[in-house]
Amino acid sequence: MTDLSSTEPKAHRSLKVADARTKKRNAAEKRFRAYGIVAIAIGGLFLLALTYNILKAGLPAFTQYVVELEVTLTQDEFDAAESQMLKTAAYTDIFIGNFEANLAERGVAVPYDADAIERLLGKVGGDIRSYYRENLDDIGQPVTFQLQTSSRVEGYFKGRVNRDTIVDSRFLMGSDLDIVDALRDSGVLTSRFNWDFITGKDSGVDNPGGAGIGASAIGSLFMMLVVLFLSLPIGVAASIYLEEFAPKNRLTDLVEVNISNLAAVPSIVFGILGLSVFIQFAHLPQSAPLVGGLVLTLMTLPTIIISTRASLKSVPPSIRDAALGIGASKMQSVFHHVLPLAMPGILTGTIIGLAQALGETAPLLLIGMVGFVAREYPDGVVSGFMDPNSAMPAQIYTWAARADVGFYEKAWGGIIVLLIFLLLMNALAIFLRKKFERRW
Amino acid sequence: MSLILIVSIVIALAVIGYVLGVQRAVSSADGDQRILHSLKGYYGQNVALTVLVPSLLVLAIWAIAQPLLIDQSVSGLLNLEDSRAQSLAMADVRRVAEGLDTAIAQGALTSDAAANMDAETTDVRDLLGDIGVAVGSDVTPETLNAAQRYRGLSNTGSWARGFVVLAIALAGFAFALSRITKDFRARNIVERGVLVLLIAAASVAVLTTIGIVLSLIFNTINFLQAYPAADFFFGTRWEPSFSGRGGSSELGFLPLIWGTMFISIISLIVAVPLGLFSAIYLSEYASPRVRSIAKPMLEILAGIPTIVYGLFALLTVGPLLVSAFGQGGFFGVDWMSGGTAAMTAGLVMGIMLIPFVSSLSDDIINAVPQAMRDGSYGLGATQSETIRQVIIPAALPGIVGAILLAASRAIGETMIVVLGAGAAASLSLNPFEAMTTVTAKIVSQLTGDGEFNSPETMVAFALGMTLFVITLCLNVFALYIVRKYREQYD
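Line by line, the protein sequences give chains A and B. Residue numbers are given in this note's numbering: position 299 of the first sequence equals residue 299, and the series is strictly consecutive. Residue numbers are given in this note's numbering: position 440 of the second sequence equals residue 880, and the series is strictly consecutive.
These are computed hints drawn from the structure, not numbers from a lab. Backbone N, C-alpha and C fix where the C-beta goes; we use that ideal spot for every residue, glycine too. Heads up, some of the hints might be wrong.
Stated by the list, open to error - Quick list of simulated restraints, FRET-style, between CB atoms:
1. B:G768 to A:F229: 55 to 65 Å
2. A:K434 to B:E690: 51 to 61 Å
3. B:K924 to A:E376: 48 to 58 Å
Let the sequences and hints guide you as you build the complete structure.
The structure is reproduced here in structure tokens:
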């Protein structure tokens with residue numbers, strides 16, 4: 001036997017010492033690898049930047065600044081105020097009286113007048129009057145009012161205006177900031193979580209402070225109900241037919257090509273379809289969640305069909321054969337055995353399809369859900385489907401298109417709410433998949 | 441009779457039918473279920489389906505046909521030659537009719553008073569204004585007359601609808617129950633019925649496509665009758681005016697398709713290298729751990745709604761780019777005057793497209809057989825040489841397909857360009873200038889306050905048609921390539 005280790009290599013080169021060409025090739029290898037890492041890192045960085053940006057710009061929308069003041073209105077004061085000609089002005093005077101006493105108690109000395117109060121807090125008299133007219137029992141007892149500050153004052157706290165950039169106007173004067181600071185220091189003016197943003201309705205174009213996303217979230221909810229109750233049954237039925245019953249011929253091929261293409265049709269084209277079929281042709285009401293839901297159903301259907309077919313396909317043929325073997329009909333084997341086994345996958349696909357539909361904006365632009373100011377909650381179920389409403393993404397777009405900068409913060413805040421919904425839906429889908437997934 | 445009432449009566453009938461069907465089947469076999477032809481539930485299902493399907497089908501057809509027939513009959517009363525004036529007048533008629541209904545519902549009018557109202561003696565517009573129904577112009581006697589007719593017909597129609605639908609439901613109920621004997625082949629009939637329903641569901645997708653094509657074609661033809669086709673397809677100026685009609689607007693398609701292509705190409709220049717390199721790294725280099733983190737992370741980018749990207753382009757990327765390329769910016773060049781530009785939209789869209797390129801390329805690279813890699817390594821190639829010289833060429837058709845799908849996505853993308861690209865149509869080469877796209881103009885023409893039949897509005901359908909055709913061609917071609925490629929290695 002030859003001892004291999006003892007033979008000397010003939011060439012002068014060694015595998016242990018890399019020559020120039022090997023070095024070059026290895027460097028190219030490293031570079032190539034680095035490109036991949038950089039590409040993924042850019043994607044990740046962008047995701048981080050987007051998240052940071054959304055949180056930074058959107059979180060302030062969840063804070064509101066309120067002036068807390070305890071007011072005790074006696075019956076005499078109430079009667080006197082109600083008997084006056086300018087009733088709200090009378091209430092404003094009562095408020096200022098209480099305000100002054102409160103400040104004196106806390107030892108804050110700052111000059112102000114009724115106009116400044118109106119600039120800071122809006123029409124306080126009206127708010128107080130409407131409260132007492134609805135709660136007559138509270139007269140004579142101390143009531144703590146939390147009065148929201150105007151959007152300009154919020155802008156001051158949130159850094160949109162500061163002392164250097166402020167321009168005196170009828171909305172806010174430079175001198176008002178002194179009052180605001182004094183109130184803030186003394187604890188009269190406090191910040192709190194802005195429930196009004198989550199439960200509120202949209203406001204007019206000049207009042208970003210009062211705008212909320214609640215009403216349009218309800219619009220989205222009704223749309224999603226339509227999408228769920230139409231696209232799930234239709235999508236599952238269509239997939240069952242295509243996957244289990246359809247004969248393999250040209251016609252079925254055509255349907256399949258059609259579905260995969262429909263999934264890639266731009267969403268705005270579905271908007272055009274909705275506009276001309278549901279609104280022009282069938283005269284359904286414009287801006288109604290029903291129409292939005294129908295359009296989104298047509299748009300989600302291909303997604304749901306594709307994922308449902310995939311999960312039907314993953315059920316092994318032995319299940320079908322066993323069912324057929326003990327005398328079940330084809331239909332029974334599908335509905336009693338295959339479908340229940342495929343259900344987790346179908347539900348996961350449906351939830352992801354719904355999440356996609358929830359964030360879709362473009363088709364809603366065309367059927368009139370943008371530009372509609374969702375000032376009211378729907379009265380009931382029928383009105384929820386048929387009455388004009390907005391939807392969350394449409395509402396965000398509406399805010400982004402308004403001139404007042406204060407609405408941008410609302411738009412970002414709306415995005416946070418929307419993304420929370422999407423995250424929850426996707427988390428549910430992942431949970432279902434992990435919990436019920438079966439490997440055959 | 442209201443729709444909800446009809447539907448709930450029909451459903452109630454179906455439920456009762458189910459119970460009775462089961463009972464009747466069992467009693468026809470003298471309580472011995474074994475001698476029934478089918479399981480007892482099928483007898484009930486048969487009754488329920490016979491009640492539900494025909495009656496709801498008739499209801500759906502009726503719901504579509506009734507407004508059309510009423511419109512036709514009422515618009516005869518108005519005697520207007522022009523179809524545009526006709527449709528406007530019909531809108532008024534409908535609004536007045538609805539207003540009268542609301543007035544009766546609120547108790548402001550009795551139904552007799554509404555039926556005998558005379559436009560000469562009553563100010564109908566004022567009356568409707570009081571209850572919150574705004575009517576555009578004064579109500580003429582003809583309009584009021586037509587509105588009365590409209591109300592009368594819809595009223596009769598809805599009663600007739602209820603009557604016919606319930607009659608059909610009851611007939612189905614009686615027929616299905618009467619057929620039940622112990623030898624009745626209920627399962628076969630139910631299964632055939634269910635199969636028909638499944639086929640109907642599958643055809644919804646086809647109907648959607650037909651609906652899209654028809655609605656685009658008819659409206660496009662209408663537009664091309666009002667506006668010369670050559671001016672549309674080869675016009676270089678896009679200047680719609682909503683004040684006048686017809687010739688006063690320039691509706692040239694070229695600046696829009698230019699903007700669309702420009703922005704799509706910028707986005708692909710961003711998305712293709714990033715997506716492709718991510719896919720290569722994830723499929724060839726990454727450890728399972730890294731892959732399990734990085735792949736979902738990239739896919740999150742695809743799950744973010746486009747409105748979020750749009751807002752990000754408008755409020756963050758745009759100002760950032762201006763501070764770099766604008767006047768007095770970081771680079772000291774004055775290329776960019778406003779935040780909305782082709783570059784803004786293109787960059788953000790490119791990021792959005794990364795996962796589209798990477799997921800599909802990843803699948804395709806994974807489908808390349810391991811034997812090809814092993815052969816290449818065996819010849820002494822490094823991993824990157826294998827990827828560049830063996831795997832990418834082998835996967836190229838599929839990767840091209842993925843890029844084409846991403847391109848079709850970019851062309852059809854709406855929200856990012858609506859918010860980020862600007863509104864001015866220009867045939868410029870400067871990527872830092874505001875540009876507009878086909879999709880953005882579809883939105884602005886259809887959400888403007890123009891009249892529905894003017895060329896300025898109808899042009900949106902022609903734009904939609906071209907968009908649909910372009911993306912369809914890209915998709916069909918891309919899917920063909922991907923499918924062909926998959927077969928190659930299967």
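Structure-based check of each hint:
A C-beta distance of roughly 56 Å is found between G768 of chain B and F229 of chain A, which places it inside the suggested range of 55 to 65 Å. Range check, K434 of chain A to E690 of chain B: about 57 Å between beta-carbon atoms, so the 51 to 61 Å window is met. About 55 Å separates the C-beta atoms of K924 of chain B and E376 of chain A, a value consistent with the hinted range of 48 to 58 Å.
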